[in-house]
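Protein sequences appear in the order of chains A and B. With the first sequence counted from 1, adding 33 to any position gets you the working numbering. With the second sequence counted from 1, adding 33 to any position gets you the working numbering.
Hints in this document: simulated from the structure, not taken from any laboratory. In this text the structure is predicted, and so the values were computed from the model without any measurement. It is possible that part of the hints are untrue.
Residues of chain A clear of chain B, computed beta-carbon distances all greater than 12 Å [stated by the list, open to error]:
(1) K42
(2) K111
(3) E140
(4) S155
(5) K330
Cβ-to-Cβ under 10 Å is the rule here; a few derived chain A residues that face chain B [said to hold, decoys possible]:
(6) V323
(7) L395
(8) N429
(9) D458
A virtual CB, placed ideally from N, CA and C, is assigned to each residue, including glycine.
What follows is each chain in one-letter form.
2 protein chains.
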Amino acid sequence: MQNEDLIQKALYGLPLDTKTATDNDGGSIQKEGQTKAGFLAQIDHSFSPDGYYTEGPYYQRYAMYPFLIFALSLEHQKKDLKIFEYRDGVLLKAIDALLQQTDDDGEFFPLNDAQKGMSYYSRELQLSLALGYYYGNQDEGLLSLIQKQNRVPLTYSGWKSAIDLAKGKGKKFDKRSIYLSDGPKGEKGGIGVLRSKEHELIMKFTQHGMGHGHFDRLSYSLNYDGHEILQDYGAARYVNIHQKDGGGYLKENKTWAKQTIAHNTVVIDGQSQFDGKVKVADRIAPDEFVFSAENQKVQVVSAKENNAYEGVELFRTLALITDESFENPLVIDLYNVKLSEEAEIELPYHYHGQFMSSSIALTRNQTLSPLGKEDGYQHLWKVAEGEADQEYEQINWFDKTRFYTLNVASNKGDQLVMARLGANDPNFNLRNDPCFILKRKGQKGNNLMASVLETHGSYSTVTEASRNSYGNINSVTISFHTDEYSAISFTNKQDEEWTFIISTVDKSSQTTHEITIEDRQYKWGGPFALFRNDLKQ
Amino acid sequence: MQNEDLIQKALYGLPLDTKTATDNDGGSIQKEGQTKAGFLAQIDHSFSPDGYYTEGPYYQRYAMYPFLIFALSLEHQKKDLKIFEYRDGVLLKAIDALLQQTDDDGEFFPLNDAQKGMSYYSRELQLSLALGYYYGNQDEGLLSLIQKQNRVPLTYSGWKSAIDLAKGKGKKFDKRSIYLSDGPKGEKGGIGVLRSKEHELIMKFTQHGMGHGHFDRLSYSLNYDGHEILQDYGAARYVNIHQKDGGGYLKENKTWAKQTIAHNTVVIDGQSQFDGKVKVADRIAPDEFVFSAENQKVQVVSAKENNAYEGVELFRTLALITDESFENPLVIDLYNVKLSEEAEIELPYHYHGQFMSSSIALTRNQTLSPLGKEDGYQHLWKVAEGEADQEYEQINWFDKTRFYTLNVASNKGDQLVMARLGANDPNFNLRNDPCFILKRKGQKGNNLMASVLETHGSYSTVTEASRNSYGNINSVTISFHTDEYSAISFTNKQDEEWTFIISTVDKSSQTTHEITIEDRQYKWGGPFALFRNDLKQ
Numbered sequence: 034m035q036n037e038d039l040i041q042k043a044l045y046g047l048p049l050d051t052k053t054a055t056d057n058d059g060g061s062i063q064k065e066g067q068t069k070a071g072f073l074a075q076i077d078h079s080f081s082p083d084g085y086y087t088e089g090p091y092y093q094r095y096a097m098y099p100f101l102i103f104a105l106s107l108e109h110q111k112k113d114l115k116i117f118e119y120r121d122g123v124l125l126k127a128i129d130a131l132l133q134q135t136d137d138d139g140e141f142f143p144l145n146d147a148q149k150g151m152s153y154y155s156r157e158l159q160l161s162l163a164l165g166y167y168y169g170n171q172d173e174g175l176l177s178l179i180q181k182q183n184r185v186p187l188t189y190s191g192w193k194s195a196i197d198l199a200k201g202k203g204k205k206f207d208k209r210s211i212y213l214s215d216g217p218k219g220e221k222g223g224i225g226v227l228r229s230k231e232h233e234l235i236m237k238f239t240q241h242g243m244g245h246g247h248f249d250r251l252s253y254s255l256n257y258d259g260h261e262i263l264q265d266y267g268a269a270r271y272v273n274i275h276q277k278d279g280g281g282y283l284k285e286n287k288t289w290a291k292q293t294i295a296h297n298t299v300v301i302d303g304q305s306q307f308d309g310k311v312k313v314a315d316r317i318a319p320d321e322f323v324f325s326a327e328n329q330k331v332q333v334v335s336a337k338e339n340n341a342y343e344g345v346e347l348f349r350t351l352a353l354i355t356d357e358s359f360e361n362p363l364v365i366d367l368y369n370v371k372l373s374e375e376a377e378i379e380l381p382y383h384y385h386g387q388f389m390s391s392s393i394a395l396t397r398n399q400t401l402s403p404l405g406k407e408d409g410y411q412h413l414w415k416v417a418e419g420e421a422d423q424e425y426e427q428i429n430w431f432d433k434t435r436f437y438t439l440n441v442a443s444n445k446g447d448q449l450v451m452a453r454l455g456a457n458d459p460n461f462n463l464r465n466d467p468c469f470i471l472k473r474k475g476q477k478g479n480n481l482m483a484s485v486l487e488t489h490g491s492y493s494t495v496t497e498a499s500r501n502s503y504g505n506i507n508s509v510t511i512s513f514h515t516d517e518y519s520a521i522s523f524t525n526k527q528d529e530e531w532t533f534i535i536s537t538v539d540k541s542s543q544t545t546h547e548i549t550i551e552d553r554q555y556k557w558g559g560p561f562a563l564f565r566n567d568l569k570q
Numbered sequence: 034m035q036n037e038d039l040i041q042k043a044l045y046g047l048p049l050d051t052k053t054a055t056d057n058d059g060g061s062i063q064k065e066g067q068t069k070a071g072f073l074a075q076i077d078h079s080f081s082p083d084g085y086y087t088e089g090p091y092y093q094r095y096a097m098y099p100f101l102i103f104a105l106s107l108e109h110q111k112k113d114l115k116i117f118e119y120r121d122g123v124l125l126k127a128i129d130a131l132l133q134q135t136d137d138d139g140e141f142f143p144l145n146d147a148q149k150g151m152s153y154y155s156r157e158l159q160l161s162l163a164l165g166y167y168y169g170n171q172d173e174g175l176l177s178l179i180q181k182q183n184r185v186p187l188t189y190s191g192w193k194s195a196i197d198l199a200k201g202k203g204k205k206f207d208k209r210s211i212y213l214s215d216g217p218k219g220e221k222g223g224i225g226v227l228r229s230k231e232h233e234l235i236m237k238f239t240q241h242g243m244g245h246g247h248f249d250r251l252s253y254s255l256n257y258d259g260h261e262i263l264q265d266y267g268a269a270r271y272v273n274i275h276q277k278d279g280g281g282y283l284k285e286n287k288t289w290a291k292q293t294i295a296h297n298t299v300v301i302d303g304q305s306q307f308d309g310k311v312k313v314a315d316r317i318a319p320d321e322f323v324f325s326a327e328n329q330k331v332q333v334v335s336a337k338e339n340n341a342y343e344g345v346e347l348f349r350t351l352a353l354i355t356d357e358s359f360e361n362p363l364v365i366d367l368y369n370v371k372l373s374e375e376a377e378i379e380l381p382y383h384y385h386g387q388f389m390s391s392s393i394a395l396t397r398n399q400t401l402s403p404l405g406k407e408d409g410y411q412h413l414w415k416v417a418e419g420e421a422d423q424e425y426e427q428i429n430w431f432d433k434t435r436f437y438t439l440n441v442a443s444n445k446g447d448q449l450v451m452a453r454l455g456a457n458d459p460n461f462n463l464r465n466d467p468c469f470i471l472k473r474k475g476q477k478g479n480n481l482m483a484s485v486l487e488t489h490g491s492y493s494t495v496t497e498a499s500r501n502s503y504g505n506i507n508s509v510t511i512s513f514h515t516d517e518y519s520a521i522s523f524t525n526k527q528d529e530e531w532t533f534i535i536s537t538v539d540k541s542s543q544t545t546h547e548i549t550i551e552d553r554q555y556k557w558g559g560p561f562a563l564f565r566n567d568l569k570q
């Protein structure tokens, strides 16, 4: 760090004599249009203004160490550079962003290629936590994580953290609902995390994330009390376990884990987004539409994706509703699929636990065949199927201590397919997890997949007492649906009724909207509103 | 309790005017040959001299309360009866026996019809713990369990327990290797629990256990650190969960959970023991052969069953070996099947976790069919199969933090079948657990299924470090096998060799044995011995 010439080269790179470059695994080294190089360019291109790292939190955990150790050297040797203030303090924001992408047990959300179970207990996080504390705003929440790590790096910041912990400082780290934009200017989609009570909803609509990205646009996952209710599979890999192809990425990572059907998002005509082509997907990102978490009772994340399939516009709105009429937050899902011609729409739910019952009668297969031949379908055994014969159907399962019911505003003729992972897996590389898939014959124009997911009741194997195992929701209907608005109404067993409406074209918080549904007038300001129908909002 | 006539009737029953009686579920009320009735007769017939309850620990937890609350009343009102000393203190022994049948988390071994997760935290145990402490020998280990319960009954014993806890008494409850005989005189088989470090091996060879019994003779299950490595499925039931047939026993309890293939024991010709007939099974019990746990390094449980199949003698010996050359205890399994004619032998392993690799090449099925039509096989999907082409084969899997390898002394031509539960289950009542099955074409005479199961290595998803994932055992061979002796030899990667020998006819500890294997002389006293071949025992 005493050689200014080397420092300059490290910061700004060598002159670029190529236009693009990739490594031998297809990973991007130099992107098209990229004209800068060096450490600062790397910071610019790897992190969004919110500190989101383009490959996702699993790789961010890994990448933070070299970024920070070099930044620390710069801070010592080139103080005038003010590296920790660079780009509005993006390196420090990245530390917070990374920690916000952990569940109640400290495990990173398994987005993109990610091995589950990696957490803020990893050794790479030691430096992040100490630097975040010292160079940031001395957030005592970070001290509590340092205490969990029970180790500090041999830096001044590490020493200061230890001293402050010894002084009795430290408080619970504050996890909050957060929107993290992706892209150097925050213009390439992002992830929205909604939190309420024990629930954590993660909607992903980032750019592709290069070689480690998955075809998962507009997918979401859901955690309860630190464990997954609706999962993202993560990577098909057993890092460093020799039996599994030397511990590297397994073939099934590409053929299953990256495919769209492996995620809780719509699949059109049995094909993955962008036909599974990374280069095409890398070019364009989804668009954030709304992220709103100021009102803890009605939190919303919403995004659009119009490029993943030709002639298909995908627009998903997820709302996490906390209302005293329900013991847990509800998840409203309004997933509109606008088609230029008829197509098959499939929406998979990768649930955990034991399937309990469904209002759709299911016929089990006597022998099992794979659901398809490619795009991940070849790995799913088709276990059972049934057909909706009502416009409201329920799918109910149990996991650990709670019951879950997906309340679906169905079309008669919609299909429910029960599946299990594990087909075409010669080396037993896949977990044999279950999922169910809602299928609809999509018509030209708008097709709204609408549902409300309820967490309810409880069960204990010690008391053997079962409480509220069927849930409290009584009906769900699409009450309004045009090119401008989508509305879903639902009732509970106490005959209370709610209507959630979103404007699908105007996201301004200034606009006032007014529509009439079944002779009732709804008027509100901003893009969305939840109405309790016997009351004014 | 003031009416002596009623007390007498309660203690000794009304005169019996029937010979047998059953309830409407086929449960036994009065057994053939039973001439006594009342409370004392119930104690006599329900508990073995060791305190084992004939239906197993899950039901014992439930049954203990009425037994003890009545006993407590008798203790108060009829002190001269000395009810807690009755039959050498069998009620107090039953409390200890029940607690010894729990894993590291306090959960009861799921033997017979049992819902997993029931534990000594259940409310029924409060009275047992307080009475066990007060009327027993003031075992402070019980105090620590009372502290975990965090509640005492409103009895003098409850008060005394709370006082002693407040005085700071209490120590870790002592779990130990234990043999619990079954039957009123301890003459009807039993269960053997071997414990060493984090390992817990449970071998079951009790009498059938009436209506709640399973066809599971000579099966074993294995726990590591409080979780199951080789599981007993337990009952197919979700107690009190309405969706699942009102919370009662499910059809699959009979068609799967009770069947022999659902347990880690040999199945002959695809049929359950006693052809799945409870009445026949109830008539005769297996025989304990050896239980020895004095030497912590070589603990052995061994039993015979000659009635489950016509013309078949089953004799299984399990040894839990703790040796400094291995990081964890090993399980030696010598399962001899003596056949009067050729038959198919199948030995299932209901493992938990992810299959990693096998020295037997496996071919996966492109479509899945059930393994059979009845006796539980109709519920298993046949996933893959392979054939042994060596006389030593390994099957390796991973669960949570550890690796496991079954090292098999195979015959060329033995088959390995990978299966998964879930076929013919129209209402999704079964857990879709995996298992593998070792198959051998059994010849007339002795057929010895021999193996060594090794727990080894470690893996952490936080450090991503994998250690010793293949295990340390290098070979396993059947080194001697006659009508009088069985011996297994195994080596490790450090070229150390061990031989375990058991006399299969003489269980006396007085007898001295001497045999020669490959020019090496082995001489020992008692039924079994473990030799390290470069040293004397």
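For each hint, the structure was consulted:
1. K42: holds (33 Å)
2. K111: Label holds. Min Cβ-Cβ 34 Å, cutoff 12 Å.
3. E140: violated (8 Å)
4. S155: Not fine: 5 Å to the nearest Cβ puts S155 (chain A) too close to chain B.
5. K330: holds (30 Å)
6. V323: violated (35 Å)
7. L395: holds (8 Å)
8. N429: holds (7 Å)
9. D458: holds (7 Å)
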